[in-house]
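On the provided structure of chain A, position chain B as indicated by the hints.
2 protein chains.
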Amino acid sequence: MNNASALSNLPVRILMGPGPSNVHPRVLKAMATPVIGHLDPEFLRLMDEVRERLRLLFRTRNRFTIAVSGTGSAGMETALVNLLEPGDRILVGVAGVFGERMCDVASRCGAEVVRAEAPWGEIVDPGQIESALKKGEFKAVAIVHAETSTGAHQPIKEIADIAHKSGALVIADTVTSLAGCEVSVDEWEIDVCYSGTQKCLSCPPGLAPITFNDRAMEVVRSRKTKVQSWYLDMSMVERYWGEERFYHHTAPISMIYALAESLSIIFEEGLEKRWERHARLGGALHAGLEAMGLPLLAKKGYRLPMLTSVGIPDGVDDLSIRRRLLAEHNLEIGGGLGAFKGKAWRIGLMGESCSQANLLLVLSALEKLLLAHGVNVHLGSGTTAGLATLEYV
Amino acid sequence: MNNASALSNLPVRILMGPGPSNVHPRVLKAMATPVIGHLDPEFLRLMDEVRERLRLLFRTRNRFTIAVSGTGSAGMETALVNLLEPGDRILVGVAGVFGERMCDVASRCGAEVVRAEAPWGEIVDPGQIESALKKGEFKAVAIVHAETSTGAHQPIKEIADIAHKSGALVIADTVTSLAGCEVSVDEWEIDVCYSGTQKCLSCPPGLAPITFNDRAMEVVRSRKTKVQSWYLDMSMVERYWGEERFYHHTAPISMIYALAESLSIIFEEGLEKRWERHARLGGALHAGLEAMGLPLLAKKGYRLPMLTSVGIPDGVDDLSIRRRLLAEHNLEIGGGLGAFKGKAWRIGLMGESCSQANLLLVLSALEKLLLAHGVNVHLGSGTTAGLATLEYV
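In order, the protein sequence lines correspond to chains A and B. Residues in the first sequence are numbered from 1240 upward in steps of one, following my numbering. Residues in the second sequence are numbered from 1240 upward in steps of one, following my numbering.
Only chain A is shown next, with the shape it has when bound in the complex (with noise of 0.2 Å):
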């Protein structure tokens, strides 16, 4: 079999969609490091620095603090059947697919489920928390800060305090949050918060990052039941990351070079810089895109910035708007997922892709686009609009 790979011949894009977003070019350049041995001191050294350098993403001194060898979604599962044994209650606050996605993996640990349920792109209301935590005992309260398929961020920091007051365990999904706004697990107390690598990181997919108080650890080892699942056990997995350096599985060595790279750009351009770029030109979108006539989805005053859900105009067909995008300008944005799905597109700032320049591209070859679809939109509206956002911030 001598036929070439499609490999050879991938296009270049811009990556505005839910994730991955555009990776550095010094992270590519990062994963074509001569891989090591998962037990090489020189790879040990690099696990440290990644750790201390999570911690300080994650804004936390927790010790259990790692990178688990899975994407975002790993990291969910990690932190539910760490903590759940069967039987076990928790609260899940659910506003999008992923709160959902949340109740069906703690389902699967025999955990008994609650929703605190709110309508697509709303927040979960702390006072909702607030009335069903009175209905019982939990061991957990679960929800997800950035809520990838609305846009919407939910007040974590209210639901925490709320949650700790009934004496329950705070798990905070931050996959689309971290590194694009302010993530404090240590002053929000949170218990256990996960995150994934190829969104306001901007490295890519495959890595998820977690970290475990000691509250939560001291859950974890004095479980009744072993961890249901062998390769998430982080009891098992803190023992190779900790200072036993005992073999768990092979650590996806190359992707550890990525975070690593990527780590260190986030740390050149400095947190809170980075959290502000996040919000000036996701403010500037929001604004852009409401001056060309667009409704965002997510509740006014709790709008991502590194994500941001439109309604797609009634008579647009959604997948012919993104095809041409992809076609036209190498530049994917994401479809909606759920009850969102051919009524709005996701625009992601993340990472490297949250640029003055890619948010200019996607205001005018929207408005471009729509135009040439019929939809009664000014050209120059939005990208004068996100404009004069920047200039006044």
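In short, the hints are calculated from the structure, not lab data. Just so you know, not all the hints are guaranteed correct.
The list cannot tell twin chains apart, which means a pair is met if one copy fits it or any two copies do.
What the hints assert, rightly or not - Keeping only pairs whose Cα atoms sit at most 30 Å apart, straight-line, the calculated DSS-like set for lysine-lysine is:
1. LYS1607 <-> LYS1374
2. LYS1404 <-> LYS1538
3. LYS1378 <-> LYS1463
4. LYS1268 <-> LYS1378
5. LYS1465 <-> LYS1374
Quick look at chain B alone, frame taken from chain A:
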């Protein structure tokens, strides 16, 4: 934080441990390919190509042939959690660490695990499997083809034949064998077969190629209970890798690039030629080590070419030799696991690492260091015997 990362100063190693093996520069370069979206039509085309080439590698026509988004251990967990339900009985061949691991993972599925044991370095006797199967009904028989902790080559075809006569499914772990010696999934009638990328495929760790035949997928689809792992639920993952392209989790894009390039390299060499290269150099390593007076720990006639366990001479300190190999030769070999800890070295000749230059290096470096540590070794005895074997093959 502007400290230089440990990444910028990593050494270049010759990897002759139990994996990872050395990665070809073309594969490293492939990982530096810009990331595109996991639902991009061009990425989906690459996935199709990878599936087709994995089928050739496993020598199967199984429709369900994919790469799991985790390392080889995630492949093991995928096989077991998808097939087993609570109360199911499984017979596991145990003759080393990875057979033990299968028992642990299967018991976490709520399965009743029966062990067919053999001493470390020995093979699990097909007759033993036969008598165990007579003692009750089993849903599956699981066996590690190439036991990485001992270097023994298990008689998997015979075991599969016996298992099928009893009506049990056959699960084979080919993490270390795939692409290094014959693995013929269809001819041997293996129902579920998984592997890892970092051994004889010479790709970085991070993916687990896996294949289920129709009989096995039918078992997955007709389960009474949900698969306990959401992340590894193949009935869901099938919808993403299959024609439906339904989003499940974000694929580890850059790792798929690496796998695609590794597969190109494998089929440019030719699969049978690759097996032959491993057999020839593995045989030379065995001859060389025995000529140095060192005992091979896997049973004669059942020794793997790509992974050799060799006894450490009395009075020689495991770690001090391995540290010197690393410091003086940038050469990594593996230590013993479990029963062999401190008593054996594990020398890999896998994929790119399986070369005549590496064979001669490891033999001569060991000769020199053992002599320096007071062992009675003739300089040149190992390399001479190794070379002689190569001449006459």
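Check your understanding: Should LYS1607 paired with LYS1374 be assigned to within, between, both, or neither, using CA atoms and 30 Å as the limit?
Key -> neither (53 Å within a copy, 72 Å between copies)
Exercise for review: Have a look at LYS1404 and LYS1538 and pick one of within, between, both or neither, based on CA distance no larger than 30 Å.
Suggested key: The answer is within: 27 Å in one copy meets 30 Å, while 62 Å across copies does not.
Review point. For the identical chains here, do LYS1268 and LYS1378 meet the 30 Å Cα criterion within one copy, between copies, both, or neither?
Key: Result: close neither inside a copy nor across copies, 44 Å intra and 47 Å inter.
Check your understanding: How would you classify LYS1378 and LYS1463 at a CA-CA limit of 30 Å: within, between, both, or neither?
Key -> both (14 Å within a copy, 27 Å between copies)
**Study point:** 30 Å Cα threshold - placement of LYS1374 relative to LYS1465
**Key:** Both, since 29 Å and 28 Å are each at most 30 Å.
Consistency with the previously given hints fails for numbers 1 and 4, ordered from lowest to highest.
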